[in-house]
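There are 2 protein chains.
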Amino acid sequence: MSIGFYAPTNVTFGAGAEDKVAEVLKGYGAEKVLVHFGGGSVKRSGLLDKVEKSLTSAGIGFIELGGVVPNPRVSLVRKGIELVNNEGIDFILAVGGGSVLDSAKAIGYGAYGGGDVWDFYCGKRKVEGTVPVGCILTLSATGSEMSDSSVITNDETDPVYKRGVSTDFGRVKFSLLDPELTYTVSKYQTASGSVDIMMHTLERYFHQGYALDFTDELSFTLLREVIKNTPIALEHPDDYDARANLMWCGSLSHNGLMAVGNSNKGDWACHQIEHELSAEYDVAHGAGLAAVWGSWARYVLDTDPDRFVKLGKGVFGESDPVKTIEKFEEFFRSIDMPTDIKGLGLEFDEAACRKAALGVTFQDARTIGNFKVLKTEDIFNIYMMASGLK
Amino acid sequence: MSIGFYAPTNVTFGAGAEDKVAEVLKGYGAEKVLVHFGGGSVKRSGLLDKVEKSLTSAGIGFIELGGVVPNPRVSLVRKGIELVNNEGIDFILAVGGGSVLDSAKAIGYGAYGGGDVWDFYCGKRKVEGTVPVGCILTLSATGSEMSDSSVITNDETDPVYKRGVSTDFGRVKFSLLDPELTYTVSKYQTASGSVDIMMHTLERYFHQGYALDFTDELSFTLLREVIKNTPIALEHPDDYDARANLMWCGSLSHNGLMAVGNSNKGDWACHQIEHELSAEYDVAHGAGLAAVWGSWARYVLDTDPDRFVKLGKGVFGESDPVKTIEKFEEFFRSIDMPTDIKGLGLEFDEAACRKAALGVTFQDARTIGNFKVLKTEDIFNIYMMASGLK
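These protein sequence lines map, in sequence, to chains A and B. The first sequence finishes on residue 557 if you use the numbering used here, and the numbering steps up by one all the way, no holes. The second sequence finishes on residue 557 if you use the numbering used here, and the numbering steps up by one all the way, no holes.
Just chain A, same shape as in the assembly (with noise of 0.2 Å):
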């Protein structure tokens, strides 16, 4: 059996996608929402008031709870938990990017299953269910409004952990994606976001067994629409087109498109090394798997060269598979982003790899990858390459 495809969520795309959003919660039955969010840019844009605005119109009860951070924390998770559940929140809505939506699923598990929500993270429990969440997406990066998955870092360990779940209860019931919300993204986190799109599709065309030609030339669309757009958004941040299509490409990265007919689902050994990163140094997402892919890629080469071509030629047009790696991250650098660890302005000495590697495989508990299988000492070795060390 191959994998297949199940992405339920509603998606309303467009200029003015939002001004649908309490005609939208009113079709699920809303009457007290909590409004999820990060940090001041929602409220600086006029966002947030907009869309307060009409929901009161609508008679739509809400409470708000902000302060959403890049790597999402348990600890604000925790929060909004005990306000779904102590105010009578019935839907909770996420105004923002990946993190706040990531955080919205998590507070949605929580709340819906009780006892400890950290327990959905680490494995403990199955996901069972969720309060119903929808979203306003306001960032082209994570794919969180149609995929299955929610990542969190807790803060309340120390070492501190991130850990993702992933579950159709995470499909989200609804996204209003409107491009012009992400004219304000930054150029860092636009080309950030970029690289994260790019390295969905990455990692799942990249397995062991079987591939459906469709979806590798699906892949290969995907990748060279975001290759031909980002430059676009960095130059004219309030460029229609170029933001419409990242913000598509995201969603349609993530939300299992890109592994259909395929005999699994791909080989995230490249968010598993880049996590590690970004829980303990907070790097953005996105930034950190440029920096680690070319490595990852050198070192995983001559497990499958074939399918480096495949991808050179969809992409690229180019047959060499060493010159196909080298041109994904000629690209990563014409968009400014690293493609080494010290690019994240991060040292990384030979004891801080082996120290990632083996915070990677949960101390030598585990292995991590599909297209080839990765072990600790595999792991330490691409985090040596990926700091000039080897």
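Any given hint might turn out to be false.
You can't tell identical chains apart in this list, so a pair holds if it fits in one copy or across any two.
Said to hold, decoys possible - Below are the BS3-like pairs computed for lysine-lysine, each with C-alpha atoms no more than 30 Å apart in a straight line:
| # | residue 1 | residue 2 |
| --- | --- | --- |
| 1 | K220 | K494 |
| 2 | K291 | K187 |
| 3 | K494 | K199 |
| 4 | K187 | K340 |
| 5 | K432 | K340 |
| 6 | K477 | K395 |
| 7 | K395 | K480 |
| 8 | K291 | K193 |
| 9 | K293 | K340 |
| 10 | K210 | K354 |
| 11 | K187 | K293 |
| 12 | K509 | K539 |
| 13 | K340 | K480 |
| 14 | K193 | K340 |
| 15 | K187 | K432 |
| 16 | K395 | K432 |
| 17 | K432 | K193 |
| 18 | K490 | K480 |
| 19 | K539 | K193 |
| 20 | K477 | K494 |
| 21 | K490 | K395 |
| 22 | K199 | K217 |
| 23 | K246 | K193 |
| 24 | K293 | K557 |
| 25 | K490 | K193 |
| 26 | K522 | K480 |
| 27 | K494 | K395 |
It should be emphasised that the hints constitute simulated quantities derived from the structure, not laboratory data.
Since the structure of chain A is provided, determine the placement of chain B on it from the hints.
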């Protein structure tokens, strides 16, 4: 506002997908199922037997209703509605191709809504719910397994009418897509199905207004994939790759993906022009589309040649719009599909063209098309061109 995306159907994909039928139905709480199918092929292949054994083992009751024909009839739909209402049926399982699916959807609407089911198809009433439907697909063509549409022919009137209704209630709960079940599809039906798949994307591609570049590029990828895989499936009917690519192309071509971000849902004139042929003369839908598309394309070309240029470049690497139309027609002929009405085995004179054109516009009561809005006279001209009379 642009076209959004809502495709909640849970798709299981791959060899043996149909083995999950009882488990999936149990998940929806089905207790008594209407097993709806067409002619003898699902009996001869043993598929029906296998499905019914699964249901019996799982303690799920069922009643059979076979006999769906291509261009499915409202008379059989009425029988199905009676069975659902009188026998306590709580789920409809379509086992077959698009006709069986469309018939199953109509039964669902009628059994839920009461009254005359044809009202939904001639626009007298809106669909407001359905008895849930799921499917095991045996033919890659109509995309009904993920689409919101159902097309039914009223065989109780003279002339007969073929009418479609689109509603989110038409999104079936689940689709079990096993490419191996299409190995036995005839060459003619395979080719006709491929044309149908291409047309669902082409109809969306041609429209006036804003087009999202990513969606255009996805459309070209899908069209290239159908063009690549159809000849392989014709030569090697049991080539898993070719059948799997075509099957997934069929679903994505008509689930709405190929219009996301665009300002409207497309042209659809060719479908209307073809429906008139297949309602009256019972030709295969895809073959009918192939027979009229080239004439439609030449007739509307001047409206916006650039749209044809982009299509030609994306699909064939061809920048001349007239040559692009010819290349589509060459492809149709290469898979033994007709490119004129004569090729359908019909002799159309001027009177027949006039009658058909008036049929399309409901006796001059409507226009069709969006890329170019067509009146009765335009449609008459297109029929004349497709008949070699102009």
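| message | I want to check one pair: K490 and K480. Are their C-alpha atoms no more than 30 Å apart within a copy, between two copies, both, or neither? | response | both (11 Å within a copy, 26 Å between copies)
| task | Can you give me the call for K293 and K340, within, between, both or neither, at a CA distance of at most 30 Å? | result | This pair counts as both: shortest intra-copy Cα distance 20 Å, inter-copy 24 Å.
| query | With identical chains treated as interchangeable, where does the CA-CA distance between K210 and K354 reach 30 Å or less: within a copy, between copies, both, or neither? | reply | within (20 Å within a copy, 60 Å between copies)
| message | At most 30 Å between alpha carbons: which applies to K477 and K494, within, between, both or neither? | response | Classified as both: same-chain Cα gap 14 Å, cross-chain 26 Å, threshold 30 Å.
| request: Pop the pair K494 and K199 into one bin, within, between, both or neither, using alpha-carbon distances up to 30 Å. | output: neither (50 Å within a copy, 57 Å between copies)
| Should K193 paired with K340 be assigned to within, between, both, or neither, using CA atoms and 30 Å as the limit? | both (13 Å within a copy, 23 Å between copies)
| query | Taking 30 Å as the upper bound on the Cα-Cα distance, should K432 and K193 be classified as within, between, both, or neither? | reply | Answer is between; shortest inter-copy Cα gap is 26 Å, intra-copy 35 Å.
| 30 Å Cα threshold - placement of K557 relative to K293 | Answer is neither; intra-copy 40 Å and inter-copy 67 Å both fail.
| query | From the Cα coordinates, with 30 Å as the cut-off, is the pair K291 and K187 best called within, between, both, or neither? | reply | between (38 Å within a copy, 28 Å between copies)
| With identical chains treated as interchangeable, where does the CA-CA distance between K490 and K193 reach 30 Å or less: within a copy, between copies, both, or neither? | neither (53 Å within a copy, 51 Å between copies)
| Intra- versus inter-subunit Cα pairing at 30 Å for K494 with K395 | Answer is both: 14 Å inside a copy and 28 Å across each meet the 30 Å cutoff.
| From the Cα coordinates, with 30 Å as the cut-off, is the pair K509 and K539 best called within, between, both, or neither? | For K509 and K539, only the intra-copy Cα distance (25 Å) is at most 30 Å; the inter-copy one is 57 Å.
Hint compliance for this structure: hints 1, 3, 13, 19, 24, 25 and 26 are not met, and every other hint is.
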